[in-house]
Structure formats: structure tokens, C-alpha cells
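If you read the sequences in order, they're chains U and C. Numbers 1 to 320, taken from my numbering, label the letters of the first sequence in order. Numbers 321 to 804, taken from my numbering, label the letters of the second sequence in order.
The hints are simulated quantities; they were obtained by calculation from the structure and are not laboratory data. Among the clues, some could well be false.
In silico lysine to aspartate or glutamate, EDC-like type, Cα no more than 20 Å apart, as pairs [as the list claims (entries may be wrong)]:
no.	chain 1	residue 1	chain 2	residue 2
1	C	Lys750	U	Asp202
2	C	Lys411	C	Glu422
3	U	Lys246	C	Glu632
4	U	Lys225	U	Asp74
5	U	Lys171	U	Glu185
6	U	Lys265	U	Asp284
7	U	Lys265	C	Glu331
8	C	Lys773	U	Asp266
9	C	Lys652	U	Glu276
10	U	Lys246	C	Asp631
11	C	Lys652	U	Asp266
12	U	Lys50	C	Glu422
Computed beta-carbon distance windows for the label pairs [to be verified]:
no.	chain 1	residue 1	chain 2	residue 2	range
13	U	Ala117	C	Ser642	49 to 57 Å
14	U	Ser312	C	Lys773	38 to 46 Å
15	U	Val35	C	Asn472	38 to 46 Å
16	U	Gly28	C	Asn736	55 to 63 Å
17	C	Thr709	U	Leu29	34 to 42 Å
None of these values were measured; they are calculated from a predicted model. All C-beta atoms in this analysis are idealised placements derived from N, C-alpha and C, irrespective of residue type, glycine included.
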Amino acid sequence: MPTTAHATASAFADATASDSALRRFLHGLPGVDAVGLEARAAALGTRSIKTTAKAYAIDLAISVIDLTTLEGADTPGKVRALGAKAVHPDPTDRTTPRTAAVCVYPDMVAAAKEAVAGSGVKVASVATAFPAGRAALTVKLADVQDAVSAGADEIDMVIDRGAFLAGKYLKVYEEIRAVREACGERARLKVIFETGELSTYDNIRRASWLGMMAGADFIKTSTGKVGVNATPANTLLMLEAVRDFKQQTGVQIGVKPAGGIRTSKDAVKFLVLVNETAGPDWLDNHWFRFGASSLLNDLLMQRQKLATGRYSGPDYVTVD
Amino acid sequence: MTMDKQTSVFEYAPAPESRSVVDIAPSYGLFIDGEFREAADGKVFKTVSPATEEVLSEVAQAGAEDVDRAVKAARKAFEKWSALPGAERAKYLFRIARIIQERSRELAVLETLDNGKPIKETRDADLPLVAAHFFYYAGWADKLDHAGYGANPRPLGVAGQVIPWNFPLLMLAWKIAPALATGNTVVLKPAETTPLSALFFADICRQAGLPKGVVNILPGYGDTGAAIVAHDGVDKVAFTGSTAVGKEIARTVAGTDKKVTLELGGKGANIVFDDAPIDQAVEGIVSGIFFNQGQVCCAGSRLLVQESIQDELLDSLKRRLSTLRLGDPLDKNTDIGAINSAEQLARITALAETGEAEGAERWSAPCELPSSGYWFAPTLFTNVTQAHTVARDEIFGPVLSVLTFRTPDEAVAKANNSQYGLSAGIWTEKGSRILAVADRLRAGVVWANTFNKFDPTSPFGGYKESGFGREGGRHGLEAYLDVR
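Input sequences plus hints: build the corresponding full structure.
Next up, the structure:
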């Protein structure tokens with residue numbers, strides 16, 4: 001992975017040579033027409049996914065979830081419960097796929113690793129002074145190293161939105177590169193833009209390219225901690241970015257919408273966006289994730305409904 | 321590195337809209353003076369579903385005698401209808417609009433069956449616009465004093481209206497709503513391939529309690545339309561259709577008192593500058609030419625792309641076209657439906673062959689065409705110049721001609737270099753360029769960073785051989801008022 005990151009970095013050596021070169025590159029990307037983007041996302045949302053397609057989509061959705069708990073009140077017990085849920089989402093049906101990962105704060109990584117040990121479920125950890133990212137780089141890197149040394153398979157970092165909005169793109173770029181280094185050989189890096197704070201679609205496209213050029217393995221919409229998180233439109237835009245990046249460089253980057261996706265219906269709409277924008281190559285948990293918590297239970301209830309023909313209810317899925 | 325990859329693919333299972341929501345009778349009569357009746361000479365014709373060639377119903381075919389009867393009924397009804405206070409006429413129009421909304425699912429399925437266009441379009445575009453059009457003109461009925469034509473502007477009398485098959489119910493709404501709001505009565509001929517939604521509308525008129533004779537529906541072929549246009553009792557002619565028929569109508573009414581509006585063909589230029597929002601421009605190009613299988617008079621059938629981004633744009637466009645889903649129009653996931661008739665399919669096929677023969681490069685989206693019905697794969701032609709037939713003639717099908725330009729001046733010159741002047745599109749992130757270019761385009765509708773968006777408040781109509789007169793908006797009232 002770092003090899004790919006280095007190759008990517010050298011491919012964009014000119015664009016990242018200076019702050020002004022980087023600005024010129026990012027501002028030279030095609031603009032985004034907000035009305036058109038949202039109309040396209042809404043149009044794809046009207047796809048009617050039924051029967052076998054629905055069953056496939058629900059299982060796929062479960063398998064791409066980063067089952068998340070990011071609360072001040074998290075305890076090892078809570079994380080153990082989450083881990084158990086990730087490994088066996090539906091205790092009544094062992095054919096239910098596992099989730100892709102559990103996502104926790106760095107100090108909970110060890111507990112999470114233990115909870116999912118041997119299952120194939122990954123442990124992702126937010127880091128870099130999540131969610132605000134307002135700390136010195138040394139502190140952020142220490143945060144990352146802490147998570148990695150505790151065994152995190154994946155690091156979800158936040159970018160410095162303040163620097164981005166102030167136009168200091170190179171600072172954002174260097175910081176992602178530094179975190180990428182700190183992740184080492186093993187951990188995959190997800191770069192969170194906090195799209196709700198970047199506010200414009202043009203910014204989201206620029207941040208996407210910035211993140212991909214700096215060596216992100218995944219680009220991720222948001223922390224789930226602000227008013228606007230993942231939306232069909234911002235996810236569509238990021239899917240276009242990874243599609244274009246792969247076409248230009250041959251390097252495939254994953255996408256993770258996070259926050260605000262709560263129902264199966266929503267999840268299926270996002271999978272349709274992936275299918276018809278980036279394409280089927282992205283339809284597995286190596287390349288696409290949902291950052292979600294309550295979504296899983298809704299998917300499980302829909303899954304039970306498809307299997308039995310009846311709606312069960314919230315007491316027939318586990319509350320963790 | 322890759323974890324166990326899902327082996328299956330995300331195939332969308334068929335999600336067909338139920339046909340059972342619409343009850344199509346085996347036969348329909350003419351709607352004259354509030355009653356359904358057979359044609360005087362007993363003639364009938366069949367209407368088929370273009371997606372399957374299945375016969376949907378047998379419809380009475382109006383002859384000259386029926387036209388005469390309908391015009392007389394409309395004339396008789398005109399006295400009372402035009403004397404009603406505007407607020408009273410508005411009540412009927414609001415009622416019609418509400419019934420259309422209530423029956424929109426039924427009407428959407430019907431329209432899809434008779435026309436061949438995808439249910440996605442009839443459900444999300446046609447029917448909402450039909451209802452919106454009636455609501456909009458209902459609002460005008462008691463405010464005509466404020467329309468800009470002086471106090472108490474008078475209606476014309478009987479409106480003879482001939483509509484096309486591409487948006488059967490929507491074109492009916494464009495014609496009937498302003499006519500009734502202003503106090504005229506109507507004799508309308510739907511196209512021979514799509515008569516059913518107009519006949520269902522006749523039923524809605526009865527359901528709304530509309531006085532007899534205010535709306536008369538006469539299915540038939542070109543000769544029926546010609547008889548309506550030529551009838552002495554008709555005061556106003558409104559036509560949407562081909563330029564050739566439009567010219568014939570103009571000749572027929574020349575030297576008479578009849579007021580005429582014609583909405584005819586087009587060869588819309590969709591201009592994409594190098595600073596365009598590319599992904600949205602691709603969507604706009606797709607909706608510009610493949611909406612309703614390109615059977616749209618204002619379709620963006622000529623893509624003018626700045627030469628510097630041609631390759632990039634065409635790659636994106638082809639990739640996007642490869643994702644279009646062609647097939648059963650009743651399936652909610654279908655993007656591209658059937659061509660309306662065998663005749664139209666033959667015309668599209670012939671023009672596409674001409675394009676190839678003249679040296680343009682043809683590319684069609686990879687898709688399997690159903691074995692029955694009338695189908696044409698989304699197609700684009702590159703290496704097209706102004707001299708090619710496919711750049712000049714209206715194809716009225718899912719065929720896009722791609723031309724290039726180097727400067728804004730050249731883009732404007734090429735866009736305007738057409739016998740038509742109905743629609744155009746401009747794609748750029750630069751606001752000043754939108755205004756500067758729009759100002760110089762000779763097209764009735766200019767869309768900026770979008771295409772094929774319609775709204776009842778916005779006037780619609782053409783320059784040059786695309787016709788004259790405006791439909792929609794306040795301007796659309798003028799065509800039905802005696803303001804000479």
C-alpha cells in the first residue's frame with residue numbers, strides 16, 4: 001500500500017510542489033453544478049430494488065458496515081458487545097454476513113481487537129484528534145501511533161478543515177502524508193473531510209483529490225458529529241472522484257459515507273449510487289463502507305422480513 | 321490484498337408497475353357534446369402498445385361530418401362558457417387538475433402503454449406537469465384583467481387543436497388549459513398512435529362536471545386534423561407537430577380570420593464549454609437527447625463541444641450511455657423505452673443510415689433490443705459537420721450528433737446555423753458567458769447548466785421554422801385572447 005501511495009505522490013509531484021501549484025491544480029478540476037448533482041443523486045434514488053436484488057443489496061450493505069461507537073461513554077463492555085454484534089449480527093441466523101469492521105476510539109482498539117479476534121472483522125480507529133482535528137501534528141501522529149500499535153487495521157483520520165478553508169492546501173496534504181507514514185505497512189487510511197463543514201461541492205471535489213493524491217486508501221464524508229453528514233449527493237460526488245482518479249492513475253480508492261444513513265432503504269440507494277457511478281468494482285467491503293450504527297438493525301429486520309415474509313420488530317434484533 | 325470479493329453482481333430484478341391500475345376498454349368513441357359516440361361513417365382504427373405491438377383498443381376515427389358536429393357543439397357551448405365569471409371557470413380547471421392528480425398513477429401507466437415511454441418519465445415528468453399546467457391556468461382564469469391585455473380581454477371562440485404523440489397528455493394540457501381559462505371551447509385531435517389518454521381526459525371532463533361541448537375530443541389521422549383546421553367555425557388553430565404539417569396549416573388558414581400558433585420541429589444545440597461542470601453536463605446531454613427516446617421537439621440533438629475537451633467529454637458520455645437501461649417501459653428501472661411507432665422507427669433508422677453513408681462515425685450504446693416492439697439503441701455520431709444531414713434534419717429519435725467548436729463566437733454561429741430555433745443549452749461555470757451567449761442564441765428556450773426542464777409558468781415556443789406563438793406562462797394566454 002505505501003508503495004502505491006509513493007507512486008501516486010510522485011505522479012502528482014508537480015501539482016504538489018508548492019501551495020500555489022496545488023491551488024492551481026485543485027481549482028482547475030471541473031466545477032460541480034449543485035442542482036445537477038443533486039438531481040442526479042435523487043434520480044438514482046428512484047431505482048426500484050426488489051426481490052433478489054433487494055436480498056443481495058441487504059447482505060452487501062451488512063457486509064460493508066463499519067459498526068461504530070464513538071461516544072465519551074464508551075467502555076470495554078460496550079465495545080465487546082459491538083464486536084460480538086459485528087461477528088454475528090443476527091444470532092438467529094448464522095448465514096447473516098459479518099460487518100466489515102468495528103470503528104472505535106484509539107483507547108478502545110485493544111478491547112475491540114479481542115472482541116473480533118479470528119473473525120475477519122477489522123478494527124478501525126478514528127484518530128488525529130477526532131472529530132475536530134484541532135491539535136498539533138505531533139499530537140495527531142501520537143494518536144495514530146497509539147491506535148496502530150494497539151492493533152488497528154484501519155485509521156480514520158480527519159483533515160484540518162480550518163487549513164483547507166483558509167486555502168492552505170499544502171498543509172492539509174502534508175498532514176495526510178504524515179499520517180499515511182504513521183499508519184505504516186499494515187493499516188489502511190481513511191481520510192475524513194467533514195463535508196458538512198467544507199460546505200460546497202467544489203470544495204468536496206477538491207478535498208477528494210487532495211486526499212487521494214496524498215495517499216488515502218479511502219475517502220470518507222464525515223465524522224457523524226456535525227449537522228450534515230453523508231448525503232446521496234456528496235457521496236455521488238466522491239464516487240465520481242474515485243472513478244476519475246482510477247481512470248487517470250490506475251489506482252483504486254475506496255469510499256465511505258458515514259453518519260445519517262439509518263434505514264435499509266437509504267443504504268440501498270447508496271449502493272445504487274456506487275453501482276451506477278464508480279461501478280461494480282467498488283461493490284465490496286474492500287472498496288466501500290458505511291459508517292453507521294443503527295443502520296445494522298434495520299437491515300437485519302428487513303433481512304428477516306425477506307426470509308420469513310413477516311416483519312418482526314425491534315425486540316427481535318439485538319440492542320447493544 | 322483484496323478480501324473475498326462478492327461473486328454475484330448487483331442486477332436489478334424487474335420492478336414492473338402494475339397494469340391493473342388502468343382499465344382500457346376494448347373500444348372507444350368520439351367525445352362530442354359531452355357524449356361518447358361512434359363516428360358518423362363508423363370508421364375505427366387500432367392503437368397498439370409500441371413496446372409489444374399488442375393492440376390496446378379500437379378507437380372511432382372522426383370524419384368531416386364528426387368534425388362539423390363537434391365544432392357546432394363547441395360553438396353552442398361557447399356562449400355560456402365564455403359568459404361565466406373567471407372564478408367559475410377556474411373551479412372547473414382546479415377540479416380537473418385535482419382529478420388528474422388523483423388518477424395520476426392510472427394515467428401514467430396508460431400513457432406508458434400507449435406511447436412506449438418509460439413509466440419513470442410519465443410518473444415523474446408528464447403527469448406532474450399536466451396537473452401543474454391545469455393548476456397554473458386555473459389561477460389565471462379570474463385574473464385576466466391583469467394579464468397585460470387591458471380590462472376584460474375576450475376569448476376567441478372555438479379552438480381547433482391538433483397535438484402530437486410524444487407527450488400526449490402534456491400537449492393536451494398545454495392546449496386545453498389556457499383555452500378554457502380564457503373562456504374558449506375546444507375541439508382537439510390527439511395523434512393517431514396515442515389517442516387513449518385524451519379519451520381518458522374526456523372522462524375526467526365528465527367527472528369534473530364540465531358543461532357539455534366545452535371540450536370535444538376527435539381521434540383520427542391527418543385528414544381529421546386538416547378538417548378541424550379548415551372548418552369555418554374554428555376561430556383559433558393551435559398545432560404542435562412537424563414543420564411540414566405546420567406549413568400546410570399556415571397555408572390553409574392564410575387569408576382567414578383564424579388566429580394560429582404553431583409549435584414545430586427543432587434541432588437544439590447543446591453547447592458545452594471547456595469550463596463546464598463535466599459530470600452534470602454529461603447528465604444534461606443525456607436528458608437532452610435521450611429523454612423520451614429523443615422524441616422531443618426541443619431535444620438537444622446537436623452537441624456542440626469545445627474541441628479541447630472533446631475526447632474527455634465523449635469518453636464520459638459513452639461510459640454514461642453504457643449504463644442506460646433499455647427495455648420494458650413499465651419497469652420502474654427502465655431509462656429508455658420504445659419508439660412510438662414503426663413509421664417513426666423507420667424514419668430514425670433511415671436518417672442514421674444517411675449519417676453513416678455521409679461519413680459520420682456511429683457509436684451505439686451496447687444494449688440488447690427486445691424482439692418485439694419498436695426499439696432503437698441510444699446512438700451518437702462523431703465527426704459530424706454542419707454539412708451532414710444528421711446535423712441539419714430533425715431526427716426525432718435517440719440520436720445525438722456531436723460537433724466541435726473552438727471559440728464562443730464559433731459556438732454561437734454554429735448553434736444558430738439551423739432552419740430551426742426552438743431550444744439551446746449552455747454549459748459553463750462562468751456566469752458572464754452564460755448571459756453573453758444566451759443573448760445571441762436564436763432559440764425560444766435557452767437552458768443554462770440544465771436541459772429539458774419544463775414549468776407551466778415559463779413560455780415555450782420557437783424562432784424560424786420551429787414555429788410562432790408561445791405556450792405556457794402569461795405569454796401563453798395571448799394565443800387564446802382577442803387582442804388584435
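Need the list of violated hint numbers for this structure, in ascending order.
Hints 5, 8, 12, 13, 16 contradicted; others consistent.
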